[in-house]
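> Dock the two chains into a complex; use the hints.
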Amino acid sequence: MQFFVYFTVNENTPMKPPTPEGMAKMGRFMKEAMESGMVVATGQMPRAVTEVTLKEDEISVSDGPFIEGKEFIPGFTVIRVNSKQEAIDWTSKLRECMGEGTLKMAQLSGTSFD
Amino acid sequence: MITVPEDSLSNDISRIYQAESRRVLATLIRLLGNFDLAEEAMQEAFIAALQKWPGEGIPKNPRAWLVSAGRFKIIDRLRREKRGRELAEEQAEQPAERYAFQPETNNVAIEDDQLRLIFYCCHPTLPLDSRIALALREVCGMSTAEIARAYLVQPDAMKKRISRSKAQLREDKVVYEIPGKDTLDSYLNTVLHVIYLIYNEGYAATGGEHHQRPELTQEAIFLAREIVRLLPEPEALGLLSLLLLHESRSNARVDGDGIPISLESQDRSLWDQDLIDEGIRVLHKSVLSGRMGYYSLQAAIVYVHVSAPSAEATNWALIVDYYQMLEKIQPSPFIALQKAIATGMLEGPETGLVLLDALADNKKMQNYHLLYAAKADLARRAGKNELAISNYKKALKFVSQHAEKRYIQRQLEKLKKNDK
Numbered sequence: 001m002q003f004f005v006y007f008t009v010n011e012n013t014p015m016k017p018p019t020p021e022g023m024a025k026m027g028r029f030m031k032e033a034m035e036s037g038m039v040v041a042t043g044q045m046p047r048a049v050t051e052v053t054l055k056e057d058e059i060s061v062s063d064g065p066f067i068e069g070k071e072f073i074p075g076f077t078v079i080r081v082n083s084k085q086e087a088i089d090w091t092s093k094l095r096e097c098m099g100e101g102t103l104k105m106a107q108l109s110g111t112s113f114d
Numbered sequence: 115m116i117t118v119p120e121d122s123l124s125n126d127i128s129r130i131y132q133a134e135s136r137r138v139l140a141t142l143i144r145l146l147g148n149f150d151l152a153e154e155a156m157q158e159a160f161i162a163a164l165q166k167w168p169g170e171g172i173p174k175n176p177r178a179w180l181v182s183a184g185r186f187k188i189i190d191r192l193r194r195e196k197r198g199r200e201l202a203e204e205q206a207e208q209p210a211e212r213y214a215f216q217p218e219t220n221n222v223a224i225e226d227d228q229l230r231l232i233f234y235c236c237h238p239t240l241p242l243d244s245r246i247a248l249a250l251r252e253v254c255g256m257s258t259a260e261i262a263r264a265y266l267v268q269p270d271a272m273k274k275r276i277s278r279s280k281a282q283l284r285e286d287k288v289v290y291e292i293p294g295k296d297t298l299d300s301y302l303n304t305v306l307h308v309i310y311l312i313y314n315e316g317y318a319a320t321g322g323e324h325h326q327r328p329e330l331t332q333e334a335i336f337l338a339r340e341i342v343r344l345l346p347e348p349e350a351l352g353l354l355s356l357l358l359l360h361e362s363r364s365n366a367r368v369d370g371d372g373i374p375i376s377l378e379s380q381d382r383s384l385w386d387q388d389l390i391d392e393g394i395r396v397l398h399k400s401v402l403s404g405r406m407g408y409y410s411l412q413a414a415i416v417y418v419h420v421s422a423p424s425a426e427a428t429n430w431a432l433i434v435d436y437y438q439m440l441e442k443i444q445p446s447p448f449i450a451l452q453k454a455i456a457t458g459m460l461e462g463p464e465t466g467l468v469l470l471d472a473l474a475d476n477k478k479m480q481n482y483h484l485l486y487a488a489k490a491d492l493a494r495r496a497g498k499n500e501l502a503i504s505n506y507k508k509a510l511k512f513v514s515q516h517a518e519k520r521y522i523q524r525q526l527e528k529l530k531k532n533d534k
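Chains as they are written, first to last, in my numbering: chain L, 1 to 114; chain A, 115 to 534.
The shape of chain A in the complex, shown without the other chains (with noise of 0.2 Å):
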């Protein structure tokens, strides 16, 4: 036991659930079999820390320490709900070994946990939809109306999905395991899928105060390499080294209000170089592999990015090429603005803004900021300055993230000062 002065430990309590909840719950639902008594055991587990930590110093492995307070509190009340008799005695009964769990030495275990909940709601029992909108609940703790808002659905319709599909998995009887190589295959598209919206949510998050969710972005990156070593495909290796590289510029990516600062803005020097080195050698191995996807190829445009010394010093006819690539295996209009951007810079804003109203007539595209966002940006840089204003006036009507809303509303302060 560690003895902490009193003040920082609510502190350290916070920053413990930010850390360690998500895989106390992911422990909890194996050992309970069952999401909302794991839920409720995981609430029990921090009240219960908030009781005890304060007299007893914080263990050494909170996590495990949680694990066994949350799992001995829902049994115990279990034991003395009538109701619950006998689901208690079915928990009591659970044979020792199945479970040996040892709380201050079984961190492995728990550790595959993660990877078991992502599995258990990547299920292909589970519609497409759901399984994401079911991860992104559980594997990152998002609430039912994050992730309602992220799908533009209701969220009492996101409500009933979830449980729906908590419903399904228990009546189809899906185990709670890591699935053999040779149906990890028919996951794996919707896992990394799911890792990469985790990823997303942390580095730069659909609503809220925060623009950057570091718990998020590392949850990710921890999930990302498991799979990787469960499996080392072309594309498991691509995403790997695409949230590596993005990771990189995370010291970058926000100035010290929290507003974000544009990739051409940021101080190069505080950009990870592990980070860097890493993401490139995996990057290599999955170009090696001459498969590359979807990953691949993001995280082929990222190197282009950070090995480049400057943004007017970057390679755009490669990223240019690469959002081609990208384009003929999984088009959407999202990577066709990715595409204009960079053209915008390899060719000139005139030529960028023309493939931007192109796009434009896209309804999908319509209440996104970030095609606003962009045709300010170009046309900041072709010298039209009431158009960049007319557009960051766009931009800030869709946009819902705090940070960003900050970072648009500056460009256009610093665009009327110049226009005096």
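Looking at chain L on its own, in the form it has when it is part of the complex (with noise of 0.2 Å):
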């Protein structure tokens, strides 16, 4: 089962970067992550998007709007394991790394997510 894990910022709690320290374990965590063959894919939401609409059987696309205060995911990883335990637990650590705050997980279902 794959995991989707991701934190969010907004107005009211500004991201606080890790300490070089934090920086230094959230790397080697990472590597071993990665190394091991549980990291589907890394990377983050950027704030500009772009809509794609249909109406009236007409396409438009538009860039923007920005996203703003709680949709915007700063980072996120999509995770491979074997039951949530095991995302509750590699989540941990990530978030240890990161220093206090929260990181949300979220499970991903589908065909392909299996």
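Keep in mind that the hints were calculated from the coordinates and are not lab data. We put the beta carbon where it would ideally sit given N, CA and C, even for glycine. A hint or two may mislead.
To be verified - A few chain L residues facing chain A, derived, Cβ under 8 Å:
no.	residue
1	Pro17
2	Pro20
3	Glu21
4	Met23
5	Ala24
6	Met26
7	Gly27
8	Met30
9	Ala33
10	Met34
11	Val39
12	Thr42
13	Gln44
14	Gly75
Unchecked claim - No more than 30 Å apart at the CA atoms, straight line, and that leaves these computed lysine-lysine pairs for DSBU-like:
no.	chain 1	residue 1	chain 2	residue 2
15	A	Lys478	A	Lys507
16	A	Lys187	A	Lys174
17	A	Lys477	A	Lys511
18	A	Lys508	A	Lys477
19	A	Lys519	A	Lys531
20	A	Lys274	A	Lys478
21	A	Lys531	A	Lys498
22	L	Lys25	A	Lys442
23	A	Lys507	A	Lys519
24	A	Lys442	L	Lys93
25	L	Lys31	A	Lys442
26	A	Lys295	L	Lys31
What follows is the structure in structure tokens.
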């Protein structure tokens, strides 16, 4: 099963970057995860999105709007694990590298996520 | 048009030359399809500016004005010259929409030209050394003599190498464009390397009067941002972060006389917190990828430095760790030098000196002034003033940059005073 692990920021809780020590731990932790093959994808949702809309048989494409507040995802990782508990353990370790704060995880469902 | 008082005008023009000449050139290469014509057009454009701007004032968009003026001058001259007639017709016949150029509005297209130029210079059809040399010449406007010095070759050889590269790009009909995402990957390392060198040249020029050349550091940061926009790969992010974190200290790195100030003596309140914050955010993204490389690791090292309240309170153990990781992915005597210095700060100057002595066996290092400066610094910390003095003297022998030379001289004077 795969889990989408991510964090969000908004105006009330601006992102606090890890300390240099935390950053080093995180670097090692993520490198190990990459090398073990459990990381499916990693990245961020950019603030700028492009909208593709169908209206009256016509597709229109527009850049923007900017994603704000709670919707903004500065970083995410998709991991492949054998149980929810394994995902919780991994996510806890990542959070310990990052310092105080919240990480969210959600199980992805669908045929390609098994 | 803005009118400016006569006396400040020449200053303004020279400032505009510093800031805009390489961008104007990048666009002219696209419009004229030829390095040498573009170079000539750029010079002509600035001559025209010197003639016209005192009367007419500086145009609102000097860059666009210069591009138009340069292009016009060259086409005009080619038309007048018999041997250039065909070329002129070719130029004049370029379909207008292909080069749709609205002088006052089209800054976006012009900014992309900087990227086109760097990708053009870094094209894989050229040997690696040539790519770097050509990019330093064309993107950041270093003279062939400066590049030759940085690469320890004769100026004539460098001149030949650069003109051969230009000819080859023409022969191979390399298109002046930003490559698509598929091919971008194969370019990325060279492009990042060139941007890194441009920044280094601006951060600590290899020769000449000034230690810092802000027009080059700004250019490099601009280019790094653009690369991240095109391809937010971990190493592109790492490079941008590294440059931002270095840049955050630019106000504190030299004193009023332009002499460099060592990290531990810098006034940390002068460091630019906004740049630091941005650099850390960018680094964070790179670290989350789990694929830290040469630039991300260096950025992480600078992060340790900029977050320390003082030199003594720096986490040197972490810095040594990072240098070890760097050595694994890209071993070089220069990384080894930095690691030795950091180890000296962590375990004591005596240990550092032993490591530096081991490095001095490497031929590449024997003419490198920073090796002796590092030895002198650790010797001073160990209270071995004589050893420090003799090493500062050796460093003086090999240093080529004026401000750095004065820095070493100053350290030497301080030591001699203490000795008495």
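> Work down the list of hints and note, for each, if the structure agrees.
The hints, checked one at a time:
| no. | hint | result |
| --- | --- | --- |
| 1 | Pro17 | holds (5 Å) |
| 2 | Pro20 | holds (4 Å) |
| 3 | Glu21 | holds (6 Å) |
| 4 | Met23 | holds (6 Å) |
| 5 | Ala24 | holds (6 Å) |
| 6 | Met26 | holds (5 Å) |
| 7 | Gly27 | holds (5 Å) |
| 8 | Met30 | holds (3 Å) |
| 9 | Ala33 | holds (6 Å) |
| 10 | Met34 | holds (4 Å) |
| 11 | Val39 | holds (6 Å) |
| 12 | Thr42 | holds (5 Å) |
| 13 | Gln44 | holds (6 Å) |
| 14 | Gly75 | holds (5 Å) |
| 15 | A/Lys478 / A/Lys507 | holds (19 Å) |
| 16 | A/Lys187 / A/Lys174 | holds (20 Å) |
| 17 | A/Lys477 / A/Lys511 | holds (16 Å) |
| 18 | A/Lys508 / A/Lys477 | holds (15 Å) |
| 19 | A/Lys519 / A/Lys531 | holds (18 Å) |
| 20 | A/Lys274 / A/Lys478 | holds (25 Å) |
| 21 | A/Lys531 / A/Lys498 | holds (14 Å) |
| 22 | L/Lys25 / A/Lys442 | holds (18 Å) |
| 23 | A/Lys507 / A/Lys519 | holds (10 Å) |
| 24 | A/Lys442 / L/Lys93 | holds (26 Å) |
| 25 | L/Lys31 / A/Lys442 | holds (14 Å) |
| 26 | A/Lys295 / L/Lys31 | holds (25 Å) |
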